[in-house]
Every structure is written in C-alpha cells, then in structure tokens.
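Novice: The residues making up each chain are set out below.
There are 2 protein chains.
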Amino acid sequence: MAKELKNLTKRSENYSQWYNELVVKADLAEQSAVRGCMVIKPYGYAIWEKMQQTLDRMFKATGVQNAYFPLLIPKSFLCREAEHVEGFAKECAVVTHYRLKNDPDGKGVVVDPAARLEEELIVRPTSETIIWGTYKNWIHSWRDLPVLCNQWANVMRWEMRTRMFLRTAEFLWQEGHCAHATAEESEARTVQMINLYADFAEKYMAMPVIQGVKTESERFAGALNTYTIEAMMQDGKALQSGTSHNLGQNFAKAFDVTFVNKENKPELVWANSWGVSTRLMGALIMTHSDDNGLVLPPHLAPIQVVIVPIYKDADGLKAISEKVLPLVEELKAKGISVKFDDADNKRPGFKFADYELKGVPVRLALGQRDLENGTVELMRRDTLEKETVAFEGIAGHIEVLLEDIQNNLFTKAKNFRDSMIFKVDTYEEFKEQIEKGGFILAHWDGTPETEEQIKAETKATIRCIPLEGGDETPGVDMITGKPSPRRVIFARSY
Amino acid sequence: MAKELKNLTKRSENYSQWYNELVVKADLAEQSAVRGCMVIKPYGYAIWEKMQQTLDRMFKATGVQNAYFPLLIPKSFLCREAEHVEGFAKECAVVTHYRLKNDPDGKGVVVDPAARLEEELIVRPTSETIIWGTYKNWIHSWRDLPVLCNQWANVMRWEMRTRMFLRTAEFLWQEGHCAHATAEESEARTVQMINLYADFAEKYMAMPVIQGVKTESERFAGALNTYTIEAMMQDGKALQSGTSHNLGQNFAKAFDVTFVNKENKPELVWANSWGVSTRLMGALIMTHSDDNGLVLPPHLAPIQVVIVPIYKDADGLKAISEKVLPLVEELKAKGISVKFDDADNKRPGFKFADYELKGVPVRLALGQRDLENGTVELMRRDTLEKETVAFEGIAGHIEVLLEDIQNNLFTKAKNFRDSMIFKVDTYEEFKEQIEKGGFILAHWDGTPETEEQIKAETKATIRCIPLEGGDETPGVDMITGKPSPRRVIFARSY
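Chains G and C, in that order, are what the protein sequence lines are. Taking our numbering, the leading residue of the first sequence gets 1, the next gets one more, and so forth. Taking our numbering, the leading residue of the second sequence gets 1, the next gets one more, and so forth.
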C-alpha cells in the first residue's frame, strides 16, 4: 500500500520526471483544462499561504502597504514605455469582446461580434503601466513621496512551454511598486527588497541564494538595473527566485509623473519594482525534496508535526487519545501546527508513507507498548532517522528539533550549493563543466555578443554579477581574451 | 484647511453623491483608466484585508481549505450547465488572442491575427464550471468526500452601470465550493455558511442583517436554492451582502462527477457554493458613515486609535513623545492598532479632520497643558463626543471604549433598520411606502408574474423570504388576492 502510494521516479533516473510526479503525488498542484494553467491544490496552497503571510509581514515592517490595481490593461498603456512593450506585449492574453450570445446556428454560445471593444485589453503580465498611470493622480508634491505599494495578484504570460510552478501561463505573485523623490532613495529601496528576498529564502525556505546584478540582456524590460537572487537546484541548474528592478525615471517619463520638489520645481519621479511568485514553490521543492517525496522546512510546513496512533480497537485508540490530546494542546500553545491523525479508514503504514510524501518535518507514532513504557517513536523527515524517546517533555524536545531540522536543511543545501561552484578559466573547461551542472565563475568581457555566443553554444546564461562572495580579481575573457574586471556566474537555468 | 479637506456632500442633500465622494475622499478607492474597474487604494485595501483575515479564520475553523483555480474558463465549460450559461455567459470578458505584434502600418502594437485561440477563453465571472471540471479528478469514492474548498480571487462581470465597491466590472471576492455525499449534508453546509456570513456581518461589520431565501427569479443561475443576508443602508435601500447556494446535483450532472458510495454504487455528488465580495466595503460605508466621513467599527478599523500631539517646538514634541510612546507600546501589547502621528508638515486641525474623514474610532490629543494636568483629550468617532480624561489608566479605558463603540454602532444600525421595517397590506400603501424606503413585509402569491409586475411598477424586488423574524401568519396577496403562506420582504436595492 505504502509503496503504491509513492511509486516515485528517482531523482537520479530522471530529475525532471521526479519533479513533475512529486508535484502531483504530494497534492501540490495539477494541470488544468486550460492550456498552461495549473490548479493549486489545498496542500500546495497552504504552503504558498505561509510564504505570503511571512513576506507580507516583512514588507509591512519596511513601510509597504497593499493595494489593488485592475487585471486588464488598455493596449495603449503597454506601448508607452518602448522597451517594456518589446519585453512583454507579445505573449499576452488579449480581451477583444465583452459579450457572448446564443449561437443562432445551434447549441452553445458564440462571441457577439457587436460587442467588440474599441480598444483591446490585455490581461496584465506585470502592472508597471497601469500602476504608473494611476500614480500620476497620487503624486503631486514631495510630500506625497515615497509611495510604497505592493499588490498580491494573478498575472498571465502566454508561455509556450510550461511546467507547474516553474513556468505557467497564469501565476500568482506579489509586485511591489515604489515611487521616490531621489535616485538614491529608489536605489536603496531596490537593494533593500532584494536583501529582504534573500533573507526570506535563507531563513524560511532554508534555501541559500547568491545576490547579484543581471547583465543588460537579462534585465527586466524597461529597467536600468535588475537585482536577482539565484538558487541552485539539486540537478545543478540555477533558479532565479526573486528580482528587484531599479526603473530609473523611465515609467515616470512614459506616464508623465512629476512632483514639485522642496525648491518648488517640477521633477520626474524615481521608480522601482520587485516581485516573487509561485515559482518559489518550485524552488522549495527542488532544493530539499528526496526520492521519498517532499521535504519541507519547518518554517513553511503547513503541518509541522503529525501524530499517528497505532491501535487494535476502540479502547486502544481511546487510551492513546487520552495521552495525545494534552500534547496536541501543548504543542499548539507553543505555536506549533500539529495534526493528530486518528482516521480509522487508513492503516498506519499508509499514513506514514503519505506524510513522508508530503514532507511533514516530524512524525510521532504511539502504540500500546509506548503507553506502557512512557515512550513515543519519533521520525524526522530530513534525515528519515527514527528514535524512541521519552514521552515526558516531548513538546520541548520537538520545539528544539524543528529549529534543528530547519538549520540542517539550510546547511545541507548550502554545502551542496558550495560544492557546485566552479572556477573555470578556459572555454574548453567551461563546456565540459556545464554538462555536469553547477555555478561557473568565469571571466567575461562584458559584451552581449560573447554572452550570446556562450548561450547559443552551451545553453548557459550569465545568472548574475555577484554582489559579494564572488571573485573580484580581474582577468581575461575565456573566449575573446579581452579584459574582465571580475568573474560572473554562468549556469544553465530553469 | 480642515473644511477644505472634507467638503463632503451631505447625505440628506444627495445620498448617492455623498457615497461616491466619500469613497474617494477617504482614500478608499478610485476609478481606473479601465472602464468599470476601480483601484483599491491602500487605506481601503487595509479594511478589505481585515475582512479577509477574519473570514478566512472563520472558514478554516469549519474545515474549509483554500485552493486556486484558473482565471480563464474555456467557453465550452460555461455551456455545460444550461441555466448557468443563461445567467452568466452573456456579460463576460472574452479572450480571443494570445499575442500582439508590432503594427506594420505605424507605431504601437496590434492584435496578431495568427494568434487566434481555437476556443475562446472567458475571464471567470464565477468558478463553478472550472472547479467542477476539476473535482471530477478529485472525487471517486465516498472517502474523498466532503471536499471543502475556498478561493480568494478576482472575477469579472461586464456590468453596464458601475459604482465603486457596489458594482464593478472586476471585483475581489471569495468563493467556496463544497462537494458532499448527501443532499442533507450539502444543505446543512449551505445554511452553515449563510449563518457564518450573518455572524461576520453582525459581530465585525456591526451591520444587522436579515437571513432569508431568494425567490426563484432571484436565485443564482443553476442553484436549487439561494440563501441571502440582506442589510439596510441609511437611505432605506437593501444591499444583498452575501449568498450561499444549494446547487443540488446540477454541476455534478453537467461535469459527470460521481462517487462510489459505501454500498459500492455510483452516485452523483451534491454541491453548494457561497461568496462575499468587495461589495461588503460598500455595505460597511453606507451602514455607519456620516456627513463628516467614514465611521468604522473598531473590529475592522486598520487604525483603531490615533494619537495627535499638540506642540509648539521640538522640546514640546519631545516631552509629549516621552509620555506617549510607552502608551503606544501598552496599546499594541493589548492587540490594539495605534498610530502616533507626529508628522510635522501637517497642523493638528488638519489631522483631526483627516482621521475623522477616515473613520478612526478613537482619537487622543495631547498638549502641554495635558502633560501638566496628567490628562488627555479623547474623541470617539461614532458620537463625535469629546472628553478630557486622566492619562493614568487610559489604555484600559480605550480597550473598553472600543468594544463600547463596536456595540453602539451595531445597536444604532439595528434600531434604524428595525424602524424601517413596515407591514403593508394593500398595494396602494405599498407604492406609497416604497418611495420612502425600507423593508416592506407584504403578502405575495408566490408567482413570478406578480413579482415581475411589482418590480416593473415600483422598482421593488423581493429581497428574501425571511428565515426568522418575519411574520408567518398566512394572508392574501396584496394585488391578486390569492392566498399567501407568509409575508416576504420587498425593497428597492443596490
């Protein structure tokens, strides 16, 4: 029974298939009837909610407020910022009509040709344009600045090849949009938010990330500068996990947003935007999970502790419940989310496999003999280690253990990531290493041509110019031999 | 200054204009560049977030889990349930293309005719169809039931006449969709959720509601039965504030969702759905607010207490701050949200008017003389009463006061509502009374024809057949003279 439940492809056999199966088998998400769009199932959504709540609290602590802007954007808005439309307008869902009517020739409904919109509306791929169109009404004086808004929303980009969480036509995200009086303040906020994302990734997702700057060709459409956090998945590929863009005055220019400064002179407003999405779910899964299923860091696990009773009859369950229910209350009082699974239509073995698959960090099992001995069996999901411990004082033990698991997952992921960073000096070496995966620290001459050549020949892109932890010694480009001020990070990526 | 800030139309002059102005002036929302769609501004969104958090907690306490389903629905899905498509498909945003391209004849972008979708996609007006299309994969055995899912989402209905919060093309809402093994269980859940909404309206929004059942012509498209909560606004009009629909087996039939019961026989699944939306913001505003601006019940106010210092110079502010900051901490420790507004670019008079306009329940003002006397000036927004009280023990005083304001708002709204319920026996009386507003308890013969005649002649609709608190004495229809088992509630409505 337990084996059938899992029957999960091994990572070493086919990493990509392992991921796709795990997403479905762990009840995180599934394909929908709509091309490229997924259904996020309750267990997957519960993890996303924990991410949202944490990030939302972190944003608000920096003075950010939430707001909501329209889903549909007039086509003309997208065209206002020239680079932006190049980057986004091409792959969008377009609303052209606002009514259906009964099909005069048969059953069902057809688009009503009389209800054609004068101007087409685009389902937002990102909201800079509609938001800066709105900020024009909000910002008049230096007293109105800064504006620090965030929006939790759905967005759509018509991707040709989709994968659940990693790249879907519709996805959920947050997008922050700030307006400032000075370039310095806007740059400081841009950096503050990428730091916040790195903090979240490391402290909550237990996922080490490298912070850096994108090259011009990898920048957000319309940005002066894009900061990124890059994580490494277990197959050695990079996953861009969050970005923060310094937009300069581009959107203020495009939407004519000016303010009167303290000297009573009009100035253009400075902008930044920053976002993370349900893609983080993919990153979380691929950073920690194993061939037995999902592995969740305790800080984001919807169920942190599951308790499975092992009993023969109703009396046996009653005796165990009497012992367990006070523990459940004690754990809840400590802010630990706990589930006592006394469902009698599933066997303990099935439950064990199911909670393993779902990545619950700590499992307790309690039978008749444990009652007699004053013990409980405890398993930690990260190492799969089982031990029999005293029931007395178990709540305090679990509290410590959860932090230990959280730290252990981070350390394990960091050790793996660090072992997969390679310094390479020749293109031959580069081509050999890239096949094995990892972050490659190499010299680059700074030209888009060399970047493009490497991408075409090896499928590796420059993930970022690292802010710290890189190698700042100058050198020469491995292909052109031209000077390079410092190494950048190359990798294949999701 | 203070007067300019407000300059709000009086309710008695023009209620509708008062509402529209208040929404904008209190910084709740504004019209966007997209027809019929609003921007929810940070202050308005903060109130909506409080509603969301409270409802979400209440839903989860009944076993409901959140999930997320696609924004776009294939056109053919809408047609599966015949009544449903009649009710919804006509007024929808239709996505017909998935790409734009550079305009070959000029600037900007145009729809790429090569990127026409084979099947049009509809921006969801509600999600029964896509969700029941998904439940087919989730439900096989009685062990899979019940399924209790909720979704927080945006939806679109192409309304011709829109008003902020009350009726907008795009709005935010939650929609719960439950699947059950028996008709009884599904009906019990339908009733449970309308009770939950009534509870939320009364305990958090301080808004009395009447629970009842909709007549056939006012039912949700595809439902066997629709339960509603109806509130009364200050102009005597009704506002439908939440609905819960018993959908019977209609959607299970349409999407072929069956389960194997305990006797190993296939059966169709039973469904219900229930929702409230950002329309509740309109209800909240119109229930309590006055000619000075918004009045918020403390349970939903983003800022419950504001403290305004009155000082001449930096030393004066410092002395006040030293006194106030420990109080701020004390209030926060009690779970009270408090703002100490020491901004020096606005005068106290301006701040007073602004917080009045924004409905902050309690305002404290503290000047030099208060410091000397150990006092503080306290104003409660509901009655606008000011008093000077001892600073000592003020936190405890405020805690009690907030509950008092909450209760007072409910009582005031309930007394008003109760004073506006009229029992009427003749159509002449009815026509006279309906011009003055209110809920009219009248006899109705139960036919859609009479209902339609009354609507056409008086613009009044049957808001509901009340579940309790109505009058269950039989009588005769005021127009046709045919027998009526009990009185129903008529009103003009939003």
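Treat the hints with caution; some may be incorrect.
Identical copies go unnamed one by one, so any copy, or any two together, can satisfy a pair.
Said to hold, decoys possible - No more than 25 angstroms apart at the CA atoms, straight line, and that leaves these computed lysine to aspartate or glutamate pairs for DMTMM-like:
#	residue 1	residue 2
1	K351	D235
2	K253	D199
3	K414	E184
4	K414	D27
5	K253	E432
6	K90	D344
7	K101	E119
8	K10	D112
9	K346	E267
10	K253	D112
11	K318	E429
12	K101	E118
13	K262	D341
14	K90	E21
Bear in mind the hints are in silico, worked out from the structure with no lab data behind them.
Novice: Now, for every hint given, state plainly whether the structure supports it.
Specialist: Hint check:
1. K351 / D235: Neither way: K351 and D235 sit 29 angstroms apart in one copy and 58 angstroms across, limit 25 angstroms.
2. K253 / D199: neither (33 angstroms within a copy, 49 angstroms between copies)
3. K414 / E184: neither (33 angstroms within a copy, 54 angstroms between copies)
4. K414 / D27: neither (27 angstroms within a copy, 46 angstroms between copies)
5. K253 / E432: neither (46 angstroms within a copy, 58 angstroms between copies)
6. K90 / D344: neither (54 angstroms within a copy, 48 angstroms between copies)
7. K101 / E119: both (21 angstroms within a copy, 15 angstroms between copies)
8. K10 / D112: neither (51 angstroms within a copy, 43 angstroms between copies)
9. K346 / E267: Only across copies: K346 and E267 sit 23 angstroms apart there, 67 angstroms inside one copy, limit 25 angstroms.
10. K253 / D112: neither (38 angstroms within a copy, 28 angstroms between copies)
11. K318 / E429: Intra 65 angstroms, inter 65 angstroms, cutoff 25 angstroms: neither.
12. K101 / E118: Cα proximity of K101 and E118: in one copy and across copies (19 angstroms, 18 angstroms).
13. K262 / D341: Between copies, since 22 angstroms is at most 25 angstroms while 63 angstroms is not.
14. K90 / E21: neither (32 angstroms within a copy, 39 angstroms between copies)
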